[in-house]
Amino acid sequence: METRHLIKRAKYKTTAKGSGIPGVLEMTKNKIVFKPNDPTSVTMINVDFRSIKGHKNTKEGSSNPPLINLILDQGGSYIFEFENFSDLQVCREFVVNSLAKSGEGLIATSDRPVVASHDEQLSTAEMELRMKLLQENSELQKLHKQFVLGNILTESEFWATRKKLLDGDSSQKSKQQIGFKSSMILDTLPLHDARTNKLTFNLTQETKYQIFALKPAVQQAFLNLVPNKMTEKDFWTKYCRAELLHFKRNAMAAAAEAAEDEDLFIFLKDDDILASEARRKIRRVDPTLDIEADQGDDYMHLPDHGIFRDGSKEITESQHELYRRTFLQDLNRQGEVVLEGRTIDVELDNPTKVAEALAQSRQESDATAKEERLYRTSRMTEMEDLQAPHDHPFAPLFIKDPRDYFDSQQANALKTYDDTRAGTEQLSCSLNTEEAYGFLRSSISEIKAMGLSAHMVRPEVALTVINGLTQNISSTKYQLGKNVHESVLDRLPNTTKEELLHVSGPLDIHSRIIEALLVFISNHYVVSLCQGEQTEGSHVKNLSAARGNKGIGSLRAPPAGFPPCSSYASGSRCCFPTLRVGFTEENGKGWREA
Amino acid sequence: MKFQIEDVTVYFPYDHIYPEQYAYMLELKRALDAKGHCLLEMPTGTGKTIALLSLITSYVLSKPHNPVKLIYCTRTVHEMEKTLAELKLLHNYQTTHLGDRSKILAVGLSSRKNLCVNPRVLAAENRDSVDAGCRRLTASWVRAAAAANPNLPTCEFFEEYERAGSSAVLPPGVYTLQDLRAYGKKKGWCPYFLARHMVQFANVVVYSYQYLLDPKVAGIISKEMQRESVVVFDEAHNIDNVCIEALSVSVRRQTLEGARRNLNKMRQEIEKFKATDAGRLRAEYNRLVEGLAQRGNLALTDTWLSNPALPDDILKEAVPGNIRRAEHFVHVLRRLVQYLEGRLETENVEKEGPVAFVSSLNTHAGIDQKTLKFCYDRLHSLMLTLEITDTDEFLHIQTICDFATLVGTYTRGFSIIIEPFDERMPHIPDPVLQLSCHDASLAIKPVFDRFQSVVITSGTLSPIDLYPRLLNFHPVVSRSFKMSLTRDCICPMVLTRGSDQLPVSTKFDMRSDKGVVRNYGRLLVEMASIVPDGIVCFFVSYSYMDGIVNSWNENGLLKDIMQHKLVFIETQDVVETTLALDNYRKACDCGRGAIFFSVARGKVAEGIDFDRHYGRLVIMFGVPFQYTLSKILLARLEYLRDTFQIKEGDFLTFDALRQAAQCVGRVIRSKADYGMMIFADKRYSRHDKRSKLPGWILSHLRDSHLNLSTDMALHIAREFLRKMAQPYDKAGGSSSKTLLSQEDVEKMSDGNFNEMLY
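Quick mapping for you: the protein sequence lines, in order, are chains A and B. The numbers in our numbering rise by one with no breaks, and the one at position 143 of the first sequence is 143. The numbers in our numbering rise by one with no breaks, and the one at position 652 of the second sequence is 1246.
For the record, the hints were derived by calculation from the structure and aren't laboratory data. All figures in this text were calculated on a predicted structure; none of them were measured in a lab. There's no promise every hint is true.
Using 20 Å as the maximum straight-line C-alpha spacing, the simulated DMTMM-like pairs for lysine to aspartate or glutamate come out as follows [said to hold, decoys possible]:
hint, chain 1, residue 1, chain 2, residue 2
1, B, 1180, A, 261
2, B, 596, B, 1183
3, A, 233, A, 277
4, A, 269, B, 1167
5, A, 142, A, 157
6, A, 181, B, 1154
7, B, 868, B, 981
8, A, 281, B, 1176
9, B, 682, A, 286
10, B, 1180, A, 286
11, B, 1283, B, 1297
12, A, 281, B, 1167
13, A, 59, B, 1059
14, B, 1153, A, 187
15, A, 181, B, 941
16, A, 269, A, 286
17, A, 59, B, 1120
18, B, 1153, A, 330
19, B, 1225, B, 941
20, B, 1039, B, 907
21, B, 1197, A, 286
22, B, 1225, B, 907
23, A, 181, B, 1183
24, A, 198, B, 1148
25, B, 1180, A, 277
26, B, 781, B, 753
27, B, 1153, A, 193
28, B, 596, B, 1337
29, A, 233, A, 262
30, A, 181, B, 1148
31, B, 1153, A, 206
32, B, 1153, B, 1167
33, B, 623, B, 753
34, A, 281, B, 1183
35, B, 1039, B, 1059
36, A, 181, B, 1127
37, B, 868, B, 851
38, B, 1180, A, 330
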């Protein structure tokens, strides 16, 4: 259940560091109100959720106090400090919900009529999916707002480029269970307060489940004893007593107590179920790490042979072994349980049901366990880099269909384009574009002179060029988005396209693709490098000769005088395609003439 | 690939080869040509095993008139399995390229526990009872009795094997233990005896060190190996310890009590035989008079452990008269046990040499040296005469006789140390009398003498000139190889301070310091947050690990660690540890990431690889020195100083650093792999300590990484991981090739490989 209303004590702060004004923070469905404790204070906040753009908060476990920062649309922000992290959590969820809702409201009011007018035949399911996607992805929402509402794209065009989102997402999100935390064992252990020397046991349904999973003997005992022999409460009390004895690490006392109370004995003795499971598992273990097999492999294992009390050997107290379950063993057990994951799918309310389900799942897992020892050994022994790679169970990083590659690069291209705009020189690449171009040119001429050998291009050069090319091809597509059925490649001359598909097909991304591209460039001298409608491309030679121009390098940074884009703040840059096309054409003409 | 090393055509199962592998093969080949011993150190992760196997098998192939047998010794069973799997790969390659000509027989040999397929015997809990269970079904007299009375149980696998007689042979091929079991099951033959039998015909035998080094075992298993064999000790950096252990015996109260029980039982048996079958005892007496301690050819299943003394030192004389009669011998043993009991009653630590001990034994119990010397053989003979099958009941008296024989045979290189309690736990009385060997060269000497080439190889044999002194031999080749790296895929660091700039160390006065414990914990938390997949931590001892994990739990650091990764821990229980390792691998495989806490000198450090994503970082917490107050260690140090002129401090540092290097060396398996190594102790920054690390680690240890604090190490780790995540050229840059194809190898002349050596 989500709350409609929330009141928490908090401090209002103007900066994260300041001391802040104590007061009460109240949140309702669409408003945030802060009233200071001191009624004379002038700080009184009353804002609408709609004017809030986003929020940030400090993470639990960090050294910072629990802060939430609400960022306003108009700039500026409100910072609130809570008393503890759980308050912060509650509040954060509330804010997230409210923000989502206000966003939804926004779309709901403005979106529907537009969609309706363009695409009448859309099913409601499809609509819902789109709505959901927009809600989940604020970036997308912004784009949508800009294009569709700004009448740059129609609704169907907008979604056509995002087909993947539409069909992929929803189906993949199958029901996933949250596994155990890696530190779950700590939840099942009592809390010790060193000051008062008090132990606190905190048993929730979840911890009971975890205890059952960790200790099959306890679970078995629960099934046997409850409710016939004792009540559930008695059972857990006994359990806690046993844990207490463990905590004291007094094996003698534990032994004495266990001797008196046979039920307590169940909790204190070694877990038989675990022991037998261990015996079974040890047979299936990977032989390359089977230390157990060495035990006494010296043909005839005699006791007292070898050096008994050496400096390097350890000593143990062997008395009362039975009652000395160590913390280390518990840790190993928890690792095992965490890896098995949640094996049952029942409500945790009823411990008996949980225990039964666990018992059953344990048997099932026995049955389904498989042997893969041999396979693993053979894999272990091979030296991976001395031979050609195996057929891996996963797909190697590999461009199968160049179309996919360029399409997927679209988003990156946009992003880098923005970065480029903001300042080309900031890129981590140590080369600037001119140098890269220089290298590219010399490489091409070398290839032309000597043919393609196992020639290495400097990685930085390769990276710069490949980025430039990918971005351009991809962004071209993006900006041609009006006609979605036509991919960039289709716009290239047929032979070129074939070549590109052919060469980049079997290559992996690094090192060799740049060679492929070089071949491609030098063979055809045609590059669809410029933006907009220009598909004839530019002769590389001409490019290279281009009068002091930045050449291919100029692809990354728009040359001076390139029409600025008013909407680049939003991340898309296609507001004035016609203007830009005009410019590019002119520029291109200059190259061709030169 | 196939290439030429001088006059040998080497068949190598991969398409490429590392230059150091080539150099390694070259040196090995020269050692084989010279028919001498050699000592080769090559970094882990450069494919020692496969280089060695392919050179030796190819060497044999190219010289068919002179078949050389390969005896490959590993320290652990899982290493044996790994070696056999590699050999299988190689063998498949060679048979596809050469056909049947290259077919060999390779078997792994292990104990009954690992080879038995009889479900009834296997049901027994531990190994000793598998051995005993086997004997109960297969001993010659049991079988004789069963022949008369078909209701007596026998082992059907063994019977089937016996029936097959000489036709029970393994077809050529490479057999791992698993394969042997499968073959045995299929044929209905006992895999253990089949393997034991096939050892003498096999071209390659893979087994544990003890089968060659421990005279008790070697006397049975390895006595028929021909001189023209190549013996390889892989991962041999601890070989001196194995040698010493093979000749050491300790006697505790439990041993003596057990021995008394055994003696009583034997006396009863003797009485029984006297009444029913006196002829038997008389026959034994007569045999002993004739000077045959051993009863000629024993049935295969009746073999016992051999004499614990080295073959050259065993007297070929008749058993002395005073112990020829069974009851007299039992009486002598009784006196011996009584004397030992008396010695254990001491309140102070006592240390004496074997000569003094024997003379005192002679005065107090009237047992002379020669009698002592024959104890073991005499006991053996008696046990066979009495037809005692449940040998695991008689282990204690056997231990006593081992002790007697050793103490009667050797006058130097040993000492007898009696301690009333362990110094680390003075409140628990646990007296022990230890006969400890100090001279590693004793046990290995027969191996050097007997076989034409002995190869000692490991990733850490530094300083390489120390091993010939410790083992007292003269290698014809002694080399240490570099690792040619395509990229700096290992990143060793020395961390001396925590983030608070306070020094960290496991020095005795600092190790329990709260600040040190916390700094160690913080280091791990920070590293766990940035290192992907697996992290391995090594501690100096179990007790230290136990303590530090508990204090991390108390101050909440453990929770922080577990927020990032699952935690698994090595315990002294091998089953538990094995399962923990298995789960650790699972956690790394599934992407959850895990940390393994382990102990230097422990079972895990000795032989488990943490290659690839199973170990991206190793942290060695502290310097794993031995417990320096141990009396045995002190005695050994004294012996080393007097005999080999090795200084105590030097030996201790050498020993600690080889363990540390061994621990961290487990992260790299090949050059495609990468890993970081953190030596977290301020003492590593000292030159005298650090310089004992193997060269391949030192050459990557930059000066700027010698004195780091936690945050600096963290920064370096981040940079390193980022660098390693980049794609790279596997064949190495243009300057130096790190991966050679067949053409490269053909082009290169031998001279080029000298750069691989230090």
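Going straight from one Cα to the other, do residue 1039 of chain B and residue 907 of chain B come out at no more than 20 Å?
It holds: about 12 Å lies between the C-alpha atoms, which stays within 20 Å.
With the threshold set at 20 Å, check whether the alpha-carbon distance from residue 1180 of chain B to residue 277 of chain A stays at or below it.
holds (17 Å)
Can the restraint linking residue 1153 of chain B and residue 206 of chain A be considered satisfied, given a maximum Cα separation of 20 Å?
holds (18 Å)
Can the restraint linking residue 59 of chain A and residue 1120 of chain B be considered satisfied, given a maximum Cα separation of 20 Å?
Given that 20 Å is the threshold and the Cα spacing comes to 17 Å, the pair holds.
Holds or violated: residue 1153 of chain B and residue 1167 of chain B, Cα atoms, limit 20 Å.
violated (25 Å)
Pairwise hint evaluation, residue 157 of chain A against residue 142 of chain A, where the allowed Cα distance is 20 Å at most:
holds (16 Å)
Run the distance test for residue 1153 of chain B versus residue 187 of chain A: straight-line Cα separation, threshold 20 Å.
holds (10 Å)
Are the Cα atoms of residue 1180 of chain B and residue 261 of chain A separated by 20 Å or less?
violated (39 Å)
Between the alpha carbons of residue 233 of chain A and residue 262 of chain A, is the straight-line distance 20 Å or under?
holds (17 Å)
Straight-line alpha-carbon gap residue 1283 of chain B to residue 1297 of chain B, limit 20 Å:
Holds, at about 15 Å.
Does the alpha-carbon distance linking residue 181 of chain A and residue 1148 of chain B stay inside the 20 Å limit?
holds (19 Å)
Restraint status (C-alpha distance of residue 1039 of chain B to residue 1059 of chain B at most 20 Å)
The hint holds at about 18 Å.
Comparing the model with each earlier hint shows violations of hints 1, 2, 3, 13, 15, 16, 22, 32, 33 and 37; every other hint is respected.
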